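Quick mapping for you: the protein sequence lines, in order, are chains A and B. Once you know that position 367 of the first sequence is 367 in our numbering, the rest is easy, because the numbers rise by one and skip nothing. Once you know that position 60 of the second sequence is 60 in our numbering, the rest is easy, because the numbers rise by one and skip nothing.
If you're looking for bench data, these hints aren't it; they were derived computationally from the structure. Careful: at least some of the hints might be erroneous.
Note that the list lumps identical chains together, so a pair holds whenever it fits in one copy or between two copies.
With a straight-line Cα cutoff of 20 Å, these simulated SDA-like cross-link-like pairs (lysine to any residue) come out [claimed, not checked]:
(1) Lys138 / Arg198
(2) Lys138 / Arg270
(3) Lys138 / Pro338
(4) Lys186 / His76
Model, not experiment: these values are computed from the prediction.
Protein chains: 2
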Amino acid sequence: MNRADHHVVIVGGGFAGLTAARALDLAGVRVTLIDRRNHHLFQPLLYQVATAGLSAPDIAAPLRHILRRQANVVVHLGEVVGVDLGAASVRLAAGTAMKYDSLLLATGATHSYFGHDEWAEHAPGLKTVGDALDLRQKLLLAFERAEATDDPVERTAWLSFAIIGAGPTGVELAGTLAEIARHTLKSEFRRIDPASARVRLIEAGERVLPSFPPDLTQKARAQLERLGVEVLTGRPVTHIDANGYRLGETYVPARTVVWAAGVQASPLGRALGSPVDRAGRVQVGPDLTIPGHQNVFVLGDLASVSQNGKPVPGIAPAAKQMGRYAAAAIRARLRGQPPPTFRYRDFGNWATIGRMAAVVHFGRIKLYGLLAWWGWLAAHVFFLIGFRNRFVVLTNWAMAYWTYRRAARVIAEQPSGAPHFPQKGDT
Amino acid sequence: MNRADHHVVIVGGGFAGLTAARALDLAGVRVTLIDRRNHHLFQPLLYQVATAGLSAPDIAAPLRHILRRQANVVVHLGEVVGVDLGAASVRLAAGTAMKYDSLLLATGATHSYFGHDEWAEHAPGLKTVGDALDLRQKLLLAFERAEATDDPVERTAWLSFAIIGAGPTGVELAGTLAEIARHTLKSEFRRIDPASARVRLIEAGERVLPSFPPDLTQKARAQLERLGVEVLTGRPVTHIDANGYRLGETYVPARTVVWAAGVQASPLGRALGSPVDRAGRVQVGPDLTIPGHQNVFVLGDLASVSQNGKPVPGIAPAAKQMGRYAAAAIRARLRGQPPPTFRYRDFGNWATIGRMAAVVHFGRIKLYGLLAWWGWLAAHVFFLIGFRNRFVVLTNWAMAYWTYRRAARVIAEQPSGAPHFPQKGDT
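Could you build all of it, start to finish, from the sequences and the hints given here?
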């Protein structure tokens, strides 16, 4: 096949898709990158947008801008709703189809409520910029409502926060929220003491950060408790509504519940018709393609692949490695060579907890506390796209950690000019 | 009256209201500041948020945070819907009432469509953070739609922008939008040339920036045209719909129309029952109070007051002076002294146009071009609240002016996960 005619369609501009597009620079192929959103999002810092430490543009950059110098790439803002493997084309929500020679599916994952989709409106999750801005508004307004009410029962419910799921996102949110209540909002209210807010981190499993070894898990838990988080493990939530949640036999009134418990792969995975795992991730071979279609790659959180008996984790470094691999495999095939086998390189497991606290597990190295936090910060800021963003994020962080202030505490009103207190059922 | 029992209610946390609250520090009175929004907004830079140069938190700070050390101030997030002068109380949207001893009304102004409210959905204005984020999305999506369509007529309509009204906001928006089309988006699109976008600034009156002397108006027009803006004066718009607008006899297809033509005072002005001018501003005496109510002040854009036969302009420095004056008048009355007369000090008329271009008129001084721009920048950044904000805004500006990049080009998706192309009628 003529290389210049080879059309690579990449669906999803996250870590996997964007890395693949960049790695196909000068490959002599045409590339179309399709995303529903106009920006690449640095998802590991999204919890900072939700907790008003960063503004959305600090961690998001327009895909067109990132790829503007790469003449072989077309960025298309649109939504892919299906794949026709026989015709080698993707179907767009706008009704059109687009042919591909190689297809890279990297549409990531979304929340899973384990069959309780009715919980979604009461316990929003955190995956997109929109989610983060909604959650920021919800968190800030809860303190406003507590200040405004004269009813002590109402007030307690507004000052009761629950984060469900103690993976990295849940731990980050709980730690930061406790910090906001205890320090950031200090002396700003006249009728309530924000420090009296209860921040609960609820986990159905036996421990927080289950992907870490037990001793680091213990350290993480101790650090969370020092920040003022109540950690409840081995306690599944059995019901959530607008006014609270049920924990075993007890109904706990709480107006702010955040879902960080489960993810499922983007529905495009199932739409492919190839075998998927329980979470909807597409089972791919050691070359990250689906059976019978050597030109259809599935990457990042959408892919289920194991190595040495261990699943490759759904984290940014793994997604980037998959993107780089897929580009290399396409280049090899166009040269008529067999593609290499994907080999995941583990750069460790990192989680931050809050003010100067983190845990890091990397081979035989286990770190926690301040040192781990510095490592976490360096790694995350280094990988942010764009010099300006790194600079702004570091500045914001430095200011926030010196002063406990958070720069982005803006509640943008609804365009309708509606009152700014959320109604029951609002997300 | 016992000073500690004196309750000052301030409605509106803009320049007038916030300045008054601060000036009442240590006055020995109780102060309640009521606002529908949780933040003070530095409105003179709002056009930068709309044009993706700044993020909203860069120019907005939580009122609670600004006033946290002032123990005599309570910040209340809520909406005042009426004033009962007889009972000396304000009515809140939540249904409650609040008594005052002194009342300061400073709820500002909003857009006026001169009786054509049906234009509002097609030609949004720019007054709030929500307006700015909506407008940013509209502007960025217009280029995406132009890139996506195959129909040349559609494409032209998407690349046709109109700003209606050539006051300071209209001029700033038109200049910045032309800069985005010609420079910022350069080489990011593959099918359209963003520089081919037509940016029209349409004014019913005879000249742009009518509050400036004619020679500076001429300079401003020349600077706009150099940036690529088509300036049409003496041309009233007679119709606006989702697909374009009518200019005299000609219907011009345009998918993006922005309203910067008229303002009217907040409806709370009329609700007071005191005489108002044509724009709904409350006519106040030389002590900024309404007739018969020496304890009811009206401040900022909501007030109509003249001095030496000239109306005091609706700009931030005037609002701040009014706020400071009202605080001084209350202090004087509590000491049993007659209040001073309000005297507006004119610090000049400033307007920025775009890249290193501005006009300044201050007494006999008339500046334009680069020098005026530096003056404008210095004055505006100096008055921004908070060291961090000044620093971030200056950094953003420096980066934007060296590189033409704009930092905040994020289109946040709708929470519903709806497709990201606006439908007809969306604002």
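Verification of the hints:
no. : hint            : in the structure
1   : Lys138 / Arg198 : within (16 Å within a copy, 40 Å between copies)
2   : Lys138 / Arg270 : neither (33 Å within a copy, 33 Å between copies)
3   : Lys138 / Pro338 : neither (52 Å within a copy, 47 Å between copies)
4   : Lys186 / His76  : between (46 Å within a copy, 16 Å between copies)
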